[in-house]
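2 protein chains.
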Amino acid sequence: MNHFVYEIPTKVYFGENQLVNLGEELRKYGKKVLLTYGGGSIKKIGLYDKVVEEIKKAGLELFELSGIDPNPRVASVNAGAEICKKEGIEVLLAVGGGSVLDCTKFIAAANYYEGDAWDILLGKVDVKKCLPIVTVLTLSATGSEMDNGGVISNPDTQDKIGMGFPAMLPKVSFLDPTLTYTVNGFQTACGAADMLNHILEVYFNMEQDLYMLDTVMEGLMRTIIKYAPIAMKEPENYEARANLMWTSSWAINGFIDGGKSQAWSCHPIEHELSAIYDITHGLGLAILTPRWLEYTLDEATVSKFYQFGTNVFDIDRNLAPMEVAKKSIEKMSEFLFETLELQSTLTEISIDDTNFEIMAEKACQNDVIPGFKPLTKQDIINIYRMCL
Amino acid sequence: MNHFVYEIPTKVYFGENQLVNLGEELRKYGKKVLLTYGGGSIKKIGLYDKVVEEIKKAGLELFELSGIDPNPRVASVNAGAEICKKEGIEVLLAVGGGSVLDCTKFIAAANYYEGDAWDILLGKVDVKKCLPIVTVLTLSATGSEMDNGGVISNPDTQDKIGMGFPAMLPKVSFLDPTLTYTVNGFQTACGAADMLNHILEVYFNMEQDLYMLDTVMEGLMRTIIKYAPIAMKEPENYEARANLMWTSSWAINGFIDGGKSQAWSCHPIEHELSAIYDITHGLGLAILTPRWLEYTLDEATVSKFYQFGTNVFDIDRNLAPMEVAKKSIEKMSEFLFETLELQSTLTEISIDDTNFEIMAEKACQNDVIPGFKPLTKQDIINIYRMCL
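The listed protein sequences correspond, in order, to chains W and C.
Here the numbering used here is used: position 360 in the first sequence is 351, and no number is missing along the way.
Here the numbering used here is used: position 89 in the second sequence is 80, and no number is missing along the way.
If we strip away everything but chain W, and leave its shape as in the complex, we get (with noise of 0.2 angstroms):
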């Protein structure tokens, strides 16, 4: 029982304008800098202006990759490693949201490697060795700052797949709250929702649990329900946005864990929608979590959703546990739907059952999800139909 390696090396700057010591930071790996960004957004907030500032300050050299989408493409990835490739680049900078720093991951093990990048999603690639990585978060979400994996979606076969290696984790961070002021309210919601369901995959687990661990999760939980709402009304609001930030990365950077091998359950659900549907992963994921919670309820589950309930909630310890619990899922749903106003169906977000066989197949790999409650195929079909 809880048997784990801990090793989170990743140096993280908190706070505003702890900008000034990116060029500090980013010398140490190397001269020849590829700064990765998405749509332009980091040019409207006046960051691009500040980062390439602070790379010309330190006397680095600067090539670029823009254009980066949410779902990130395996083609930004081929297309980032070829100019590492090519320029000899040294050291990645991302600068963005999860997407762009996911993307900027595989990059970064892509520089080592001749064929498709898509080969190292599909498993066929170990990557032993990744350039470094130093990344300037602008979105309180995935986490992706402070942990070796990521997401990335190949259109043509419609796959999204979820790909991890311990070279891979960023090197550096800069966690500056301000630069998320300007995140809408829907974004701010699906980051919540999406923060709040890697600490359910861990927190809904039949393994042996590291009680200590449960605490910090349910205080993590606690954190993103009190500030999400807060971020979402007052944007600049700084204690908000610096409780999300920090919360994002500690829901899963991994040491929650504690050596849990158990497989997470929503998480591949729901990459099936946005692979398809290319939806933000966050509002798939809150759309699931309450029916996957309804689902996965019963008489030899109910224990963990009456801590929960309880612990996060404050639901009255008197009531049964039962009642508990089902109170936990319609207060999960209240958060969600009403407090964070995110849509609350496939249905609103115009998606039928059309896809639903193949979905699941692909998210249980034609097998089981052996998660906190196992799902076959059947089950993941009647949890997207709950959906509609």
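Treat the hints with caution; some may be incorrect.
Intra- or inter-copy, both count: the list cannot distinguish identical chains.
As the list claims (entries may be wrong) - In the BS3-like style, the derived pairs of lysine-lysine whose C-alpha atoms are separated by at most 27 angstroms in a straight line are: (1) K162 - K19; (2) K23 - K35; (3) K251 - K162; (4) K23 - K318; (5) K35 - K224.
It is worth saying that the hints were derived from the structure and are not from the lab.
Starting from the known structure of chain W, fit chain C onto it as the hints suggest.
This is chain C only, laid out in the frame that chain W set:
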């Protein structure tokens, strides 16, 4: 607010039988290993043989420094540094509790210094480089396994000084909860009191909080309160030992600070007690803690006590804040002196007021401890008196 750099690259092997990885880890840093330990309890529990076997298996050359005392002396640091220099030691292996680990950290630093190691404690040396340190922990208490500080005593001057440098952070720490099965009830209790106080020193703080970290601290405190009594009654309860062990690391590795720079209060006040009377650090803290809390409680600080009492001890939220605050201190006393069965006064451990003046002077360095509530020399004397 909340500016900080987070960087804790220590690799932790957690769980039973992880020592099979010891040889491989040591070999990364060199061939000549100095094994440091205390009075020989590691021989009684068979750990010495196990460690030596792993070192031999890895083909490494073994040197030894034994006899490191609780409240470790600067003489041991100098003795260790001498062996390092003479034998060309490449890596240090500390096997023991906080005293052995602390002493080893300063040996690692003193290897690169030509004078008396006490100069390092006096702040006369800017430590930039240390020999790499690997630790095997046998006591859950000080958190030295994952932080970069240590405390050393100088019996000649009756001084006890804490100091830290990033270079002193252990590279690798082995945390096997079963290695604490033989820790007796008193030492288990003192370890719990030490950890609790590490958290309280940060939690009771007037600097702006990151709520997320408060929830983590409250969870860690609840973990200690839940499991310390279990570990005392059932010394071989893995769950209890595991929770205490991992909590000890996170109580002081820097994560919970979140950029707070405010000075600690109880620790410097206690250090003077154990410097002169050579008592167990955790026991000194246990006696001081409730008095320090009582002394610092007022209208300006009551809100923090309310948060503490309701979230850690589940005191009724509907009571008046001052009532909750007072009850929380009572609960803390009950936990330390009844549940953990620790002595509750200085008188009980044969300490009278003879040295209060000089101890208070040293504790505040003839100035003020600028902590939660700033404490003058007279305040510190008052707190000592409350402990009689």
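Going through the hints against the structure:
1. K162 - K19: For K162 and K19, both the intra-copy (10 angstroms) and inter-copy (20 angstroms) Cα distances are at most 27 angstroms.
2. K23 - K35: Within. Shortest intra-copy distance 25 angstroms satisfies the 27 angstroms Cα cut-off; inter-copy 56 angstroms does not.
3. K251 - K162: both (25 angstroms within a copy, 24 angstroms between copies)
4. K23 - K318: neither (55 angstroms within a copy, 60 angstroms between copies)
5. K35 - K224: For K35 and K224, the Cα distance is within 27 angstroms only inside one copy (21 angstroms; across copies 62 angstroms).
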